[in-house]
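Trainee: First to last, the sequence lines map onto chains H and S. Numbering-wise (this note's numbering), the first sequence opens with residue 1 and increments by one. Numbering-wise (this note's numbering), the second sequence opens with residue 1001 and increments by one.
A few of these clues could be false.
[To be verified] Residues of chain H clear of chain S, computed beta-carbon distances all greater than 12 Å: (1) M1; (2) E20; (3) K23; (4) R40; (5) H77; (6) S94; (7) D103; (8) P113; (9) Q130; (10) S142; (11) D173; (12) D175; (13) D184; (14) G194; (15) A207; (16) R212.
[Said to hold, decoys possible] Here are the in silico distance ranges between beta carbons for each label pair: (17) H/L73 to S/L1275: 48 to 56 Å; (18) H/D211 to S/E1400: 54 to 62 Å; (19) S/R1021 to H/S217: 37 to 45 Å; (20) S/E1400 to H/G42: 54 to 62 Å; (21) S/R1021 to H/K161: 50 to 58 Å.
Derived from the structure by calculation, the hints contain no laboratory data. Note that the Cβ used here is the ideal one computed from N, Cα and C, for glycine as well.
If you want the building blocks of each chain, they are given just below.
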Amino acid sequence: MTLSCIDLGKTYATERGEIEAVKGIDLEVRSGEFTSIVGRSGSGKSSFLAMIGGLSRPSRGSVHIQDTDIWTLSDNHLADFRNHRIGFVYQFASLLPTLRIVDNVVLPARLDPAQDAETAYRRARELLNQCGLSDCLDAYPSEISSGEQRRAVVARALINKPALLLADEPTSDLDQVTESEIVDWFRSLNRERGLTLIMVTHNLRLAEQTDRVIHISDGRLAA
Amino acid sequence: MPNKLGVGFLLASVALQNLGRREARTLLLLAAVAICSGAIFTGAVLMRSIDSSMAVGFTRLGADMLVVPAGALTNITAALLTAEPTDLTLDDSVLVRLETIKGVQKAAPQLVFRTDASGYRGGASIDVIAFDPMHDFTVQPWLEQHLGRPIRKGDVIVGGRRDEALGAELLLFGWPLIVYGKLGKTGVGTHERALFMTFETFAEMRLTMQQVCGAKAPLEPNRVSGALLQLAPGATTQQVRFAILANFPGVKVVSGESMLTSIRQGLAALLNGALALMAIMFVSSALMLSVLFTAIIAERKRELGLLRAIGMRRRQIVGMLLTEAGLATALGGLVGVALGLLLMRVYEHSLVYYLDRLGIPFVWLNGGTTALIAAFCIVVTSLTGAAGALYPAWRASAQEPYALIRSEG
């Protein structure tokens, strides 16, 4: 899935005035590419990722995923687009605390009226097996470790077989072993399934493991 | 099989799990709603019951005033339940004019005719009292037994010290009359010994009574012995007395026990106050729920952002939150109604018991109406909960997913 953005910018209105977090970024990510975005805190990399993921409307510019200019879609169509085409992994534990792990993972599939519950649960169990959480299906998020939670989040991001996976600091707060496990899993998903991956990180060692490293500084692509 | 229906169930199940897994928050919410709905339910049932009891109980204490011809005898020590037998009468048009006097809420005319020539029970003296069932408030509230139908022409009601059986037939001036009902004992001699009938029955028998008894003033057409008055809330006996004496020459106004008038009027005002209080409580409950849900939704913004990110639509977010609010408040409403019923049992054993000892019957609402009020309370609290959650839910759903995710959860 090819992603391109043209003159992408984001300005936030705050009590202290307007803050331009992203200042006109042009970027193209080819289908099947594993890209990392690095930069210091506050450089605008998370805002950039939110715009290309359809989570935050740009102040200017456009985002094309395949042939779709995603910010021209209606709110409902954009929600469906995120559900079918994009997987998200966040830097914090983003599981719903009141649902079992398997219910958390299956949730995006169950939001799609075209998918039946039985198939969705079967796929959720397969994904949880792949990431070593087969014993945690019925556990609640508070009952498993942070590393296990993060792996469950990746499983949830993959449940609808997205073509694009966006990860915002996916390994923050994790120990090195778990960090490696997750990046290795990303790498294998990218190689074996041709999944396009964009990962925001401030960890240069992790970034070096990806196909391409993009630096963002002060809202712009750095040389 | 596609899960088109399943999305609705999914949202409901997520809402239910949210309630079930956040026990402390859910219990606090339930408790808050239960207290409100319990108070509203108990208040509504008690108010309606007190209202019915007042209608019976306080009218039993008699009228506030009695208007009779100037020379008529009156029993000033007794409760004003009836006029006394006398040959002096008033034209029945007085009644219509009395009701136009400011401060008069109800005017009930009565015609009292004492006779020993009825042919009933070997010439015993009998007081026959004609009353108007539509205006009456001193005869029917005392009915202790009656046939299971409305009173009609040819019926007679017997006073509390009489021994006729319910449904028995008696002959008065040769007219067969059915004993429709029997009154309780009132302590007012005339009231306890009389035979009561409607003006319609009395009018039908009038010519026969004239033939037997001769020309007597009470037997002339369109005459009444007097009218019992109930005053409107806020009206005083002095004001009404002066207004009547100024407008109706040749009448006498007898006042009842002024303290009872004050109590009755005070209780009516209290009930109106309670109604206003309940309305205020309802509005404050709705506001409280809205504040509660605003806080609850603010606490869950990150969670809502995540749901939006994985593809949940705005209206699905709103639907899930409203389902959660509706379920919690309906359950709270149910608990409140149950608590209200328990509270009323306590009430029954205290105040109702003392009222009964004072001779004031407490008439509970019937089961059907009580169930209806209970259902109303549960539905209204549930809708109030959903309405209280609507604005914060809509506002949260309108935010960008990224803004929700970034917020402090």
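Trainee: A separate judgement is required for each hint: does it hold in the structure or not?
Mentor: Taking the hints in turn, this is what the structure says about them:
1. Once the 12 Å rule is applied to beta carbons, H/M1 is consistent with being away from chain S; the minimum gap is 17 Å.
2. Every Cβ of chain S is farther than 12 Å from the Cβ of H/E20; the closest lies at roughly 16 Å, confirming the non-interface assignment.
3. Non-interface status of H/K23 relative to chain S is upheld: no Cβ of that chain comes within 12 Å, the nearest being about 18 Å off.
4. With a cut of 12 Å on Cβ distances, H/R40 stays outside the contact zone with chain S, its closest approach being about 18 Å.
5. Its beta-carbon lying about 10 Å from the closest one in chain S, H/H77 breaks the requirement of being farther than 12 Å from that chain.
6. Not every CB of chain S is more than 12 Å from the CB of H/S94 (nearest about 5 Å), against its label as outside the interface.
7. Not every CB of chain S lies more than 12 Å from the CB of H/D103, the least distance being 8 Å, so the non-interface label is violated.
8. Not every C-beta of chain S lies more than 12 Å from that of H/P113, the closest at about 4 Å, which undercuts listing it as non-interface.
9. Every CB of chain S lies more than 12 Å from the CB of H/Q130, the least distance being 19 Å, so the non-interface label holds.
10. Non-interface status of H/S142 relative to chain S is broken: a Cβ of that chain comes within 12 Å, the nearest being about 10 Å off.
11. The Cβ of H/D173 lies farther than 12 Å from every Cβ of chain S, with a closest approach of about 16 Å, so its non-interface assignment holds.
12. A cut-off of 12 Å between C-beta atoms confirms that H/D175 is not in contact with chain S; the least separation is 24 Å.
13. With a least CB separation of 24 Å from chain S, H/D184 remains clear of the 12 Å interface cut-off, as annotated.
14. The claim that H/G194 is not at the interface with chain S holds, since no C-beta of that chain comes within 12 Å of its own (minimum 22 Å).
15. H/A207, annotated as away from the interface, keeps every beta carbon of chain S farther than 12 Å; the closest lies near 22 Å.
16. Non-interface status of H/R212 relative to chain S is upheld: no Cβ of that chain comes within 12 Å, the nearest being about 24 Å off.
17. Checked against the hint of 48 to 56 Å, the pair H/L73 and S/L1275 passes, with Cβ atoms roughly 53 Å apart.
18. Taken as a hint, the range 54 to 62 Å is violated for the pair H/D211 and S/E1400, whose Cβ atoms sit roughly 30 Å apart.
19. Look at S/R1021 against H/S217: about 43 Å separates their beta carbons, and that is inside 37 to 45 Å.
20. Our hint of 54 to 62 Å for S/E1400 and H/G42 is violated, since their Cβ atoms are close to 19 Å apart.
21. Checked against the hint of 50 to 58 Å, the pair S/R1021 and H/K161 fails, with Cβ atoms roughly 29 Å apart.
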